[in-house]
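Protein chains in written order, with this note's numbering: chain A, 666 to 864; chain B, 33 to 394.
No lab work stands behind these hints, which were simulated from the structure alone.
The C-beta atom is built at its ideal place from N, Cα and C for all residues, glycine as well.
There could be a bad hint or two in this list.
[Claimed, not checked] Here are the computed lysine-lysine pairs in the DSS-like style, where the Cα-Cα straight-line distance is at most 27 Å: (1) Lys837/A / Lys848/A; (2) Lys368/B / Lys848/A; (3) Lys67/B / Lys135/B; (4) Lys125/B / Lys67/B; (5) Lys837/A / Lys368/B; (6) Lys125/B / Lys135/B.
[Stated by the list, open to error] Far from chain A, by Cβ distances over 10 Å, these chain B residues were calculated: (7) Ile123; (8) Ile208; (9) Arg236.
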Amino acid sequence: MIEQTLFYIAAAVLVFAASAVITVRNPVVAALTLVLCFFCNAAIWLLLEAEFLAIVLVLVYVGAVMVLFLFVVMMLDINIAELRKGFSGFLPIGVTVALIMVISMVLVLASGYFAGPEYVPLKHAAEYSNTRELGLLLYSEYLYPFEIAGAILLVAIVAAIALTHRRAKNNKSPAPGTQVAVKREDRIRLVKMKTEQQS
Amino acid sequence: MFEFIRQQLWTPLINFMVPEAYQGYALLTLDALTKVIVVLVCVLTAFAYTTYAERRIIGLIQLRLGPNRVGFFGFHTFGLAQPLADGVKAIFKEIIIPTGANKTLFIIAPVLSLGPALAAWAVIPFSEGMVLADINAGLLYVIALTSLAVYGIIIAGWASNSKYAFLGAMRSAAQIVAYEIAMGFALVGVLVASGSLNLGDIVRAQSGSVLNWFWLPLLPLFLVYYISGVAETNRAPFDVVEGETEIVAGYQVEYSGMHFAIFFMAEYANMILVSTLTAIMFWGGWLSPFQGVPVLGEPHILWLLAKAAFFLYLFLWIRATFPRYRYDQIMRLGWKVFIPITIVWIVVVAGLVVSHIPPWFN
Numbered sequence: 666m667i668e669q670t671l672f673y674i675a676a677a678v679l680v681f682a683a684s685a686v687i688t689v690r691n692p693v694v695a696a697l698t699l700v701l702c703f704f705c706n707a708a709i710w711l712l713l714e715a716e717f718l719a720i721v722l723v724l725v726y727v728g729a730v731m732v733l734f735l736f737v738v739m740m741l742d743i744n745i746a747e748l749r750k751g752f753s754g755f756l757p758i759g760v761t762v763a764l765i766m767v768i769s770m771v772l773v774l775a776s777g778y779f780a781g782p783e784y785v786p787l788k789h790a791a792e793y794s795n796t797r798e799l800g801l802l803l804y805s806e807y808l809y810p811f812e813i814a815g816a817i818l819l820v821a822i823v824a825a826i827a828l829t830h831r832r833a834k835n836n837k838s839p840a841p842g843t844q845v846a847v848k849r850e851d852r853i854r855l856v857k858m859k860t861e862q863q864s
Numbered sequence: 033m034f035e036f037i038r039q040q041l042w043t044p045l046i047n048f049m050v051p052e053a054y055q056g057y058a059l060l061t062l063d064a065l066t067k068v069i070v071v072l073v074c075v076l077t078a079f080a081y082t083t084y085a086e087r088r089i090i091g092l093i094q095l096r097l098g099p100n101r102v103g104f105f106g107f108h109t110f111g112l113a114q115p116l117a118d119g120v121k122a123i124f125k126e127i128i129i130p131t132g133a134n135k136t137l138f139i140i141a142p143v144l145s146l147g148p149a150l151a152a153w154a155v156i157p158f159s160e161g162m163v164l165a166d167i168n169a170g171l172l173y174v175i176a177l178t179s180l181a182v183y184g185i186i187i188a189g190w191a192s193n194s195k196y197a198f199l200g201a202m203r204s205a206a207q208i209v210a211y212e213i214a215m216g217f218a219l220v221g222v223l224v225a226s227g228s229l230n231l232g233d234i235v236r237a238q239s240g241s242v243l244n245w246f247w248l249p250l251l252p253l254f255l256v257y258y259i260s261g262v263a264e265t266n267r268a269p270f271d272v273v274e275g276e277t278e279i280v281a282g283y284q285v286e287y288s289g290m291h292f293a294i295f296f297m298a299e300y301a302n303m304i305l306v307s308t309l310t311a312i313m314f315w316g317g318w319l320s321p322f323q324g325v326p327v328l329g330e331p332h333i334l335w336l337l338a339k340a341a342f343f344l345y346l347f348l349w350i351r352a353t354f355p356r357y358r359y360d361q362i363m364r365l366g367w368k369v370f371i372p373i374t375i376v377w378i379v380v381v382a383g384l385v386v387s388h389i390p391p392w393f394n
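Looking at chain B on its own, in the form it has when it is part of the complex:
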């Protein structure tokens, strides 16, 4: 497909517009641009249908129907057009800027929260060789970008000139800093086990069978990573940042229309990112669980998508099941439970690697 776009679209365009000397650069840039657009479109479509899936699945869990009316061409089609309707609605709503708000920061806050969430997809390997930027420090890049997500939230809270929004921002800053450390340490375990910071190499280090995937030797780190991921994305049961019962909707209380929708986009893009990363780092990425079996054993992008979809489903399941945490308990879990667990398990993993314990590290 990329070959087709290059030959039919970019090459004529470049021949027409760019001087001879720079055509190589231009083609390279436009090729990269095509891939970026394809990934972004996929992520944003996934975002749209995750909101739909969330409402339907939580509806079914709570014995309701969920949105099942909006469809195409006069048919209901299980409400599949609901995300489109929501998007159109959000675009046509008025954007209200509160009095006394810092206008510039108020407007760039949603952008700052969406930017890192999308930029992190640059290093995600979807399949063998199917990655936008195959950089050596991929894992570090992902950690750095997920740590930037907090800026959008605290700037939004501060710039809104509202006490509820500000309280939400303060809660979020404290919570994200706490869980980021546990998350980073969990990833140090992955790094020690695989011996590489490149996400593709991390997947390749897990080849073998289901038992070779890192979920088994790194079981505590896997759990810590996933739970910290839920906390970092401010999802239930860690969503005290929005806590409707106490601070209305937290940092986004003053936002309306598309601004509000962009915060949601960032939250869901982060959810999908955490699910995909969990699949890549602990569940063998694009590797098949039936390695060795003829057709089923082939590594394929569908395996990655299936695993990511499962972890995404877990997000929704958790939200529908658990009541909200109390704030001091969130802090206690992050600082006093997760960080010690990860530190101990890093030492254990290092021991396993150094003594070449089969079947993982021989």
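Next comes chain A alone, as it looks inside the complex:
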């Protein structure tokens, strides 16, 4: 009973927030409603006893990805009037594309391919650890897919950095390593000399 109520609350907020993401005018508010989406999603996953995935969703997407997203969105100077200029011109094309998408999704989802038997998630005892089970599966049965996915992600990170990293031509920023290594002798020269006579 309580679980169902929680599910419907989370699902309702999720749908509301998801539609707000694309309808809200202010891009920062849109990004924040996307954050709310992730939270509701995490709540639904928690109800499925997938606490590891739920917390990781919050940790990775809300805690890191969306922060960087907001970081970028906040620095953009977006002119909403400019963006909305050709709205009526593009409306027919947009509606057509959306309709085709909806029809194809309905056709695919209603085809019976995804129906399968009625699935009720198993209830587990209190000491059942979702994290542990996931770890055991990932590092035994699905080890190769997991490692391959990891390698692909690593290549993607290296490629992204290699493609975008440009050193500014006239960069005069100091290298902290050399600054830390500086000794007194490098900077100060003590000169011994006799006192000069005033003429």
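Dock chain B against the given chain A, drawing on the hints supplied.
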């Protein structure tokens, strides 16, 4: 005490107001509520007296007196009523919303920064069995919630419609993302060493003597975690987010009254949280340093509080001692020093665990 509240307060109330079928649920909820309120009151009192302790201790370090006037009933009592006076003052100040500010976001920003700081206390075990929610993924939950603290700051900076506030928010976003990674990796080391994500199990895995606590096998991770904690809470010497000399007060420059006080509350709640977590994960939590000795060797909540108080004191000591970091050096420390150290030490810890090195992992 909880038993007393349940029998004297909640049971009559529920019998009076709730229909028969839902009384079990209601009692459960109200029991949890009692515990939550007790923890929150303790944390907020600790917050109030941490501000007082900070001003007194830094005063003494700098050979001043600090606040020593405001007391109870006409006595000075070392200025112990100072936090109350500050609170009353903050409540009665006008809240000014700048022109062009995004009003909704401006108002919810302090709430967003305080919320995660308080919610993280749900999984903190204070003593054996003394925890609000004994969940299996406790450590992950703590990491996730500490990573949310940045939202309050960047939303505050953006919604203020002020360049200083915005610069502070940008600095804070970059800094928190950088140190969060090092912090997360340091906690991966704890996870590998203890074999559990449950904070209570992490403490139990450290039982033995002082040498069994994780500070010794995880020494680099302990240092990285604590320093990253100082950076994550935007405390000196990493407080360029507020950097008075450059950007006035950073993200909170447009805030006044209780709004401003709530940002402080969040900062101090986070400080206390980082201190407590350091005590739990690296210094044996509620375990006694004299295990085996008759009375002194008993595990007790007082040990946890004493350890947390020590790390809290370190925060103040560090603030009074070190000058502020330069921003590029903060970034360098986070990305180029801490993250490599943690990655190397995770491998080392994994080696220690796999080869069952005594006295920690036999």
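Cross-check of the supplied hints:
no., hint, in the structure
1, Lys837/A / Lys848/A, "21 Å, holds"
2, Lys368/B / Lys848/A, "22 Å, holds"
3, Lys67/B / Lys135/B, "34 Å, violated"
4, Lys125/B / Lys67/B, "32 Å, violated"
5, Lys837/A / Lys368/B, "20 Å, holds"
6, Lys125/B / Lys135/B, "18 Å, holds"
7, Ile123, "28 Å, holds"
8, Ile208, "8 Å, violated"
9, Arg236, "15 Å, holds"
When the structure is compared with the earlier hints, violations turn up for hints 3, 4, 8 and for no others.
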